[in-house]
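Trainee: Given next are the chains, with one letter for each unit.
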Amino acid sequence: MPVDRFIEDEKPRVKVDVAVEGKTGELDFTTLKTGGIIKQRQRDKFTVRLKCPGGRVPLSKLPKIAEVAARYGGDYVHISFRQSIEIPYVDYRDFGKVRAELAEVGQEIASCGPRVRVPTACSGCEYNPNGLMDTQAAAQRICARFFGTGKLAHKFKISFSGCPIDCARTNEMDLGFQGAVKPRLNDATCIACGICAHACLEGAVETDPATGKPVYHPEKCLYCGDCVRACPSESWQAEKTGWMVRIGGRHGRHPMHAPVVAEFLPDAQVEGVIEAVLAWYEENGQGAGRKRIGQLLLDPPTWQRFLAHLRPALGECAIENPPQPRRNEIHFRG
Amino acid sequence: MTFVKAKLHLEQVGPGQLLEIIIKDLEAARDLPRSIKDEGHRIEAVRQDGGLYHFFVRKSPT
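Residue numbers (the numbering used here), protein chains in the order written: chain A, 1 to 334; chain B, 1 to 62.
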């Protein structure tokens, strides 16, 4: 591995001209990182991470972001894996100016650390033909309400996917919401054209050879709504639309898979679910060390207690006996 | 592509008129109804004839 001669291990803190996490003066790198300012390998240089909920950046902000990046950063910006613009190569002496100039267009710096992170989201139903739920509206709303909150044991990531293709990888989040639609057939108006059986990629809709009408197998259905969209006679209708809720996932060195704990959760209940999960994590993560919520939920009695706590927030959308979060090791064979 | 061709043909008929669209691509058969409905037209009937799909589309009155 090449040795970077600019790595600075002699100076663990720098004097900054902005308040980070309510602290001022000489700040250590961990505090700065918690405030969204991340130490680089290069001497005195930091990456500044911007707050871009759902990966959506209004055009009204882009010119100023580019201007700030050109003036104080390197010759590019980086799009983080969680959809945020990052400005690398910012000198710590410029933090105050960077923050003030970004604030002119309402652009904030994101935070890292043990708290609710900026939610990620796909483009959702606004213009994506597959979208079933408004992921962008949800991401903006949830960011405004929950970003940076919580006295948590570790980071807490939320994402929103508009459909079962799950581009926002809700199964790898501490808490994930994925759009779904439950289809229902109006047999009286069905014209037995067979299009829905072709449209269904899961074999959940088959054509009855005797009548030409569809036969629905709910156990194979992903609730994607392809049958509803394809039906020429509007005989397939959405019985209900909402969020599949997944809890306890993570990626990183030891990924975990988040199981579905609720189906077709109405959008209006999302805040209540997040509140309930965060309250439980705050209380039960205390003294547990640096543990994600999924790690705590690996213990079967803890999982049961967690479900009992969460059930009122999920209401009738709760799934009976959902499987626990499970490890999804990717680095070890055998 | 199928929808683009269908759209071009739909542009050539008057509002409220019926157009028969025959397609042999099953993938297109999956996506075409959605696109046609999104444009405000109505699919009045669909007939399967071997490997072909016949869509009878009533063009939007406006």
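Just to be clear, a hint being listed does not mean it is correct.
Here are the in silico distance ranges between beta carbons for each label pair [what the hints assert, rightly or not]:
1. B:Arg-47 with A:Arg-327: 15 to 25 Å
2. A:Glu-202 with B:Pro-15: 30 to 40 Å
3. B:Lys-5 with A:Pro-209: 29 to 39 Å
4. B:Leu-18 with A:Arg-327: 57 to 67 Å
5. B:Pro-61 with A:Glu-282: 30 to 40 Å
6. A:Ile-165 with B:Arg-47: 29 to 39 Å
7. A:Asp-267 with B:Leu-18: 36 to 46 Å
8. B:Lys-24 with A:Asp-267: 37 to 47 Å
9. B:Glu-39 with A:Glu-239: 17 to 27 Å
A few chain A residues that face chain B, going by a derived Cβ cut-off under 10 Å, partial list only [said to hold, decoys possible]:
10. Pro-129
11. Gly-131
12. Leu-296
Since the hints were derived computationally from the structure, they do not count as laboratory data. Predicted model, so just to flag it, every value in this text is computed and none were measured. Using N, Cα and C, we set each Cβ at its ideal position, and we do this for glycine too.
Trainee: Check each numbered hint against the structure and report the violated ones by number, ascending.
Mentor: 1, 5, 11 and 12
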